[in-house]
Amino acid sequence: MLRLEGVTKSFAGKHAVDNATLTVPVGQMVGVIGRSGAGKSTLLRMINRLGDPTSGRILFGDTDVTALRGRPLRAWRARCAMIFQQFNLAGRLDVLTNVLMGRAFHMPPSRALLKMWTDEEKAQALSALESLDMARMAGQRAETLSGGQQQRVAIARALVQEPDIVLADEPIASLDPRNTKVVMDALQHINRHLGITVICNLHSLDLARGYCDRLVGMSAGRVVFDDAPAALTDATARDLYGLEAGDVIGHAPPMALPAGAQPGFALAGS
Amino acid sequence: MRAPTSSLRERYPEHFQGFGRDRFVAAAIGFALFALLIYAMGHLGFFDGTLLAGFGRLFEIVGLMLPPDPGSWAHVKTFSVSLIETIAIALLGTLSAAVLALPLAFLAARNVTAQRVVRFLSRRSLDTIRSVDILVWALIWINVVGLGPFAGALAIMTADIGSFGKLFSEAMEAADRKPVEGITSTGGSHVFGIRFGILPEVFPVLISQILYYFESNTRSASIIGIVGAGGIGLHLAEAIRTLELQQTSFIVLMILVAVAAIDFLSNRLRFALIGRRGGATA
Ligand SMILES: Nc1ncnc2c1ncn2[C@@H]1O[C@H](COP(=O)(O)OP(=O)(O)OP(=O)(O)O)[C@@H](O)[C@H]1O
Ligand SMILES: [Mg+2]
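Protein chains in written order, with my numbering: chain A, 1 to 270; chain B, 271 to 552.
Since the hints were derived computationally from the structure, they do not count as laboratory data.
Careful: at least some of the hints might be erroneous.
Here are the computed lysine-lysine pairs in the DSBU-like style, where the Cα-Cα straight-line distance is at most 30 Å [to be verified]: (1) Lys115(A) with Lys347(B); (2) Lys115(A) with Lys436(B); (3) Lys436(B) with Lys14(A); (4) Lys122(A) with Lys448(B); (5) Lys448(B) with Lys436(B).
Predicted model only: the values in this text are computed from it and were never measured.
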């Protein structure tokens, strides 16, 4: 169970995240929604400790995540995989090496820095790629792939971390509708079939409604909504998004699934 | 429909300033620099006719240089051996400089070394090395190891450690931080971030810098040969001193061909090492 207690992050006196309190039970798929600049990315990055809270605590079970330093901190990051809007792959490295980075915490640097991977590690990476229909591209440079393919590589990297939590920061923001579906389906599979908690920042309200068990709405750094998707009325949504409301409500990408649909996993090739 | 200009001007006055103070200062500095340049040229005798008179002599000398002629077959052989020696000096000096500069560059790059004191010290030592010119290094090394190509290679090495250290560390600092962040987010340590996040991205930049310096050092190596640090420069200086101008132009031509060949080969090598952008490496 992940708990945020009064988490605040300020940049130059301005609160990007303001006193956020949240409890996420194991195995939930949470969508974090809100307009641009609401603090969604800042919140997710603090959970992975890419950013440190100014005040407040983040707890996982009995561990105070905010107090971790050094190796225990890296152990936490390994358990809490992160997927980025811009994929954050090493473009000049091949796909397989990028996925193997998901094992970086567990590898002895002495051989890993020379790119000497064990067969076990390679098999794990390839199997993760296979589940996303990307194994054929394992030898290709990441920068030569399309956005959707790169994001699938990033998801494979997250999978080989064997994480307890997957954090996804607008994973589909730079993708077309078809790849949007592939990526969201993959996240749903990770959640439903592997039992991994998924926290996903989404700009599109329809996607969030379709895929998540629970929505957390943020506005100006504060958590202003926290309930089941059905409880989010159009009026609340309009409040949440303000001027952007027209963009995010009622423009469902044609292929978005209704909640409860059970997609297969290796959808990418279909 | 956009807001009226007057209201935008009111809200963002800083973007509507006309010929502002900053631009006036920039223009004044530009003018002062130009005046200084003219004054300095006058002081050095650019305008009192010596230059014009000299031009005639320049054409005369060029005329005497044509056609290029080594004099004898034996000369061609000695020059070729010396030219190869020059290239070897340049190659050895450039490569050893690159190898020694790389760890220093890591210490000097902000996104690699968090320790400010270490960064400061490595940057200042790189500056210090860089502030001494290659010719001075050649004279110093000749005193230490004696005349010859070894002194030449050492001179190039020491002079270029400073330049490489600066260029490499700046390439690292300019590297995108997203790949590093990706690796950090998986629990990978800082070393993994450097090795798999920064290094692959700066590798092509380092390669092209090293290859360019190799080419340029082939030219420098002919200069330091003049002070006795080995290579073709010795023969070049000799030919100029004894007014063997056709030989001089022959040597210059040989250097030209060598540099062009190196340029051609280094381009090939660069693409072989880094792969064409967008192509698969599988
Ligand atoms: N490194 C930073 N330095 C200064 N301010 C920052 C920094 N990162 C974020 N902010 C500010 O914090 C606020 C929240 O930003 P954040 O990126 O978390 O928003 P977001 O909800 O993810 O928006 P988007 O949907 O556009 O990604 C913004 O006002 C932003 O300008
Ligand atoms: Mg964001």
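Hints, one by one, checked against the model:
Proximity of Lys115(A) to Lys347(B) is assessed by CA-CA distance (about 47 Å); at most 30 Å being required, the pair is judged violated. Distance hint between Lys115(A) and Lys436(B) is fulfilled; the C-alpha atoms sit about 28 Å from each other, no more than 30 Å. At most 30 Å may separate the alpha-carbon atoms for a hinted pair to count; Lys436(B) and Lys14(A) exceed this at roughly 37 Å. A threshold of 30 Å between alpha carbons decides the hint, and for Lys122(A) with Lys448(B) the separation of about 24 Å falls inside it, so the pair holds.
With a C-alpha separation of about 23 Å, the suggested pairing of Lys448(B) with Lys436(B) holds against the 30 Å cut-off.
The structure is inconsistent with the numbered hints 1, 3, although it conforms to all the rest.
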